[in-house]
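So you can see what is in the structure, the chains are spelled out below.
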Amino acid sequence: KAGVTQTPRYLIKTRGQQVTLSCSPISGHRSVSWYQQTPGQGLQFLFEYFSETQRNKGNFPGRFSGRQFSNSRSEMNVSTLELGDSALYLCASSLEGALTNYGYTFGSGTRLTVV
Amino acid sequence: SQKIEQNSEALNIQEGKTATLTCNYTNYSPAYLQWYRQDPGRGPVFLLLIRENEKEKRKERLKVTFDTTLKQSLFHITASQPADSATYLCAWGNNQGGKLIFGQGTELSVKP
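These protein sequence lines are chains Z and V, in that order.
Okay, so the first sequence: first residue is 176 according to my numbering, each after it adds one.
Okay, so the second sequence: first residue is 2 according to my numbering, each after it adds one.
It is worth saying that the hints were derived from the structure and are not from the lab.
Treat the hints loosely; a few may be bogus.
Said to hold, decoys possible - Now the in silico label distances, taken between C-beta atoms and shown as ranges:
| id | chain 1 | residue 1 | chain 2 | residue 2 | range |
| --- | --- | --- | --- | --- | --- |
| 1 | V | N54 | Z | Q192 | 19 to 29 Å |
| 2 | V | K56 | Z | P236 | 21 to 31 Å |
| 3 | V | N25 | Z | K232 | 25 to 35 Å |
| 4 | V | D40 | Z | S261 | 39 to 49 Å |
| 5 | Z | N252 | V | L71 | 13 to 23 Å |
| 6 | Z | R286 | V | T27 | 45 to 55 Å |
| 7 | Z | R248 | V | K18 | 39 to 49 Å |
| 8 | V | K56 | Z | Q216 | 26 to 36 Å |
Claimed, not checked - Going by beta-carbon spacing under 10 Å, a handful of chain V positions derived as facing chain Z:
| id | residue |
| --- | --- |
| 9 | Y29 |
| 10 | Y37 |
| 11 | R43 |
| 12 | G44 |
| 13 | P45 |
| 14 | V46 |
| 15 | L75 |
| 16 | A87 |
| 17 | L90 |
| 18 | A92 |
| 19 | K100 |
| 20 | L101 |
| 21 | G104 |
| 22 | Q105 |
| 23 | G106 |
| 24 | V111 |
As the list claims (entries may be wrong) - Computed footprint of chain V on chain Z, listed as stretches where at least three residues anywhere in the stretch have a Cβ under 8 Å from a Cβ of chain V:
| id | stretch |
| --- | --- |
| 25 | 190-200 |
| 26 | 237-246 |
| 27 | 252-258 |
Computed from a prediction, not measured in an experiment: that's the story for all the values here.
For each residue, glycine too, the CB sits at the ideal point set by N, CA and C.
Only chain Z is shown next, with the shape it has when bound in the complex (with noise of 0.2 Å):
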């Protein structure tokens, strides 16, 4: 079955200027978690839909938000941009995401870079 696909895979914003990324779950998986990654900080959470509601959200400001659709497409926004706001945005799916053997099945990624 295909995976998590994410568009676009690379983009250059300028500072200022707001971006939104894509993600396509595996089909019939529900829950749909955000993260960012960055040599400094790793892997941080940003925020989880599950059936179209946000259910979980990290520590990130108000520039950064998101949103599912009823087909559990997911999308994430983030205004303002800002330098430090080049990183890969990675998408992962998962059935019911939390307690799974299956963990999630992340995305490849969109490296945003913002110049």
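Go by the hints and put chain V onto chain Z.
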């Protein structure tokens, strides 16, 4: 604050040996720990999950242990191969939904 630490940033071993990676946690009691492998430019790939009431889990050449007294998980790769070279991440979670806290990762290099 809640913290998860992996013992070293890099580990170099000879092919055929057992690689042992360490993950320590402080200030919380995770319901489970997960281990992932990440290759450059790719997303993490799930390897194993171990729950707080389990001592050990195995999958092919992989073994993970969970010691709640020591607040530590050990991840072993036996008969290591150059193809096992990658960054290995541990992550803890609780029963409150899909939030994982990741360690910084250990970069494993297996030399032929």
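Hints and how they fare:
At roughly 48 Å, the beta carbons of N54/V and Q192/Z sit outside the given window of 19 to 29 Å. Roughly 41 Å separates the CB atoms of K56/V and P236/Z, a value that falls outside the hinted 21 to 31 Å. Checked against the given bound of 25 to 35 Å, the beta carbons of N25/V and K232/Z, roughly 26 Å apart, stay inside it. Range check, D40/V to S261/Z: about 21 Å between beta-carbon atoms, so the 39 to 49 Å window is missed.
Taken as a hint, the range 13 to 23 Å is violated for the pair N252/Z and L71/V, whose Cβ atoms sit roughly 42 Å apart. Restraint check, R286/Z to T27/V: a C-beta distance of roughly 32 Å breaks the suggested window 45 to 55 Å. Restraint check, R248/Z to K18/V: a C-beta distance of roughly 44 Å satisfies the suggested window 39 to 49 Å. Taken as a hint, the range 26 to 36 Å holds for the pair K56/V and Q216/Z, whose Cβ atoms sit roughly 32 Å apart.
This hint is violated: Y29/V has a C-beta 14 Å from the nearest C-beta of chain Z, more than the 10 Å allowed. With its C-beta approaching chain Z no nearer than about 7 Å, Y37/V sits inside the 10 Å limit, and its interface hint holds. Annotation: R43/V was flagged as interfacial toward chain Z, and the flag holds, the nearest CB pair being 6 Å apart, inside 10 Å. For the restraint placing G44/V at the interface with chain Z, the shortest Cβ-Cβ distance is roughly 3 Å, inside the 10 Å limit, so the hint holds.
About 5 Å separates the beta-carbon of P45/V from the nearest beta-carbon of chain Z, less than 10 Å, and the hint is met. Below 10 Å, beta-carbon pairs count as interface contacts, and V46/V has one with chain Z at about 7 Å; its hint therefore holds. Because the beta carbon of L75/V sits about 18 Å from the nearest beta carbon in chain Z, more than 10 Å, this interface hint is broken. Interface restraint check: A87/V against chain Z, minimum CB-CB distance 14 Å, threshold 10 Å, status violated.
Interface hint at L90/V: satisfied, since its Cβ lies 7 Å from the closest Cβ of chain Z, which is below the 10 Å cut-off. Interface restraint check for A92/V: the shortest CB-CB distance to chain Z comes to about 8 Å, inside 10 Å, so the restraint holds. Hint status for K100/V relative to chain Z: holds, with the closest Cβ pair at about 4 Å, below 10 Å. The criterion of a C-beta within 10 Å of any C-beta in chain Z is met by L101/V, whose closest approach is roughly 6 Å, and the hint holds.
For G104/V, the shortest C-beta to C-beta distance to chain Z is roughly 7 Å, which falls under 10 Å, so the interface hint holds. A hinted interface residue such as Q105/V counts as satisfied when its beta carbon comes closer than 10 Å to some beta carbon of chain Z; here the least separation is about 5 Å, so the hint holds. Evaluation of the G106/V hint against chain Z yields a held restraint, the C-beta minimum of about 7 Å falling below 10 Å. The criterion of a C-beta within 10 Å of any C-beta in chain Z is not met by V111/V, whose closest approach is roughly 22 Å, and the hint is violated.
Chain V is given as covering the stretch 190-200 of chain Z, and this is violated because 0 residues of the stretch bring a CB closer than 8 Å to a CB of that chain, at least three being needed. Interface restraint, the stretch 237-246 of chain Z with chain V: violated (0 residues with C-beta to C-beta distance below 8 Å; minimum three). Coverage of a stretch by a chain is defined here by at least three residues with a beta carbon nearer than 8 Å to that chain's beta carbons; for the stretch 252-258 of chain Z and chain V the count is 0, and the condition is violated.
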